[in-house]
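A.B. asks: These are the residues of each chain, in order.
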Amino acid sequence: GAGVSQSPSNKVTEKGKDVELRCDPISGHTALYWYRQRLGQGLEFLIYFQGNSAPDKSGLPSDRFSAERTGESVSTLTIQRTQQEDSAVYLCASSFTQGGAGTDTQYFGPGTRLTVL
Amino acid sequence: GNSVTQMEGPVTLSEEAFLTINCTYTATGYPSLFWYVQYPGEGLQLLLKATKADDKGSNKGFEATYRKETTSFHLEKGSVQVSDSAVYFCALRKGYNKLIFGAGTRLAVHP
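Taken in order, these protein sequences are the chains called C and S.
Residues 17 to 133 in the numbering used here are what the first sequence lists, from first letter to last.
Residues 275 to 385 in the numbering used here are what the second sequence lists, from first letter to last.
FYI, nobody ran anything at the bench for these hints, they're computed from the structure.
Be careful, since some hints might not be right.
Below, computed lysine-lysine pairings styled on PhoX-like, alpha-carbon distance capped at 20 Å [said to hold, decoys possible]:
(1) S/Lys372 to C/Lys73
(2) S/Lys368 to S/Lys330
(3) C/Lys73 to S/Lys368
(4) S/Lys323 to S/Lys368
(5) S/Lys323 to S/Lys334
(6) S/Lys342 to S/Lys330
Please model the entire structure based on the sequences and the hints provided.
C.D. replies: Listed below in structure tokens is the structure:
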């Protein structure tokens, strides 16, 4: 079956512009995560959606970052007024989480490489 | 807070050599521990996991044992292949599902 897909695969933008990144999770997966991977570093958690619960936004680095998810489908991560330090690979993952037990495997998409000039 | 530290790369080995990539963690309680792998041009994939102390995760010839006394989860493989060349990430999960990753270790295996 289809895995997690993300678009675009690459995005080059100018400082100060807004960008939208899209994630299509695996069908039926209730949980969706966004992570950021800066060059040479590990992944940083950004935000987590679980069903209709309020999202966990604790990892968002500033109020320029926001994300939405409609039901258990597509999610978009928006970065407003981009800065050069926002350059990174943005990864999306989804999982089928049962009862909040947190034991299910996260499946990752290929990522969107964002370059802010 | 919770954190993961793994050995810096790159690690360069000849085919059939023994591999160890060290990983230690800081966390309260009993986190679940993971190794993820990122092959060139591909997305991150779960390699193996362990959910409690003394558990051994294994997959594709790789193994890692959850050692609570040393707060470690070192990745090992007895005989690496060129196809194992990738970046390996150690991670822990505490609570619902948020993963905390190490910085990654690049492995290059030469014939």
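A.B. asks: All hints are to be evaluated individually against the structure, with a verdict given for each.
C.D. replies: Hints, one by one, checked against the model:
no. : hint                 : result
1   : S/Lys372 to C/Lys73  : 11 Å, holds
2   : S/Lys368 to S/Lys330 : 18 Å, holds
3   : C/Lys73 to S/Lys368  : 16 Å, holds
4   : S/Lys323 to S/Lys368 : 13 Å, holds
5   : S/Lys323 to S/Lys334 : 13 Å, holds
6   : S/Lys342 to S/Lys330 : 12 Å, holds
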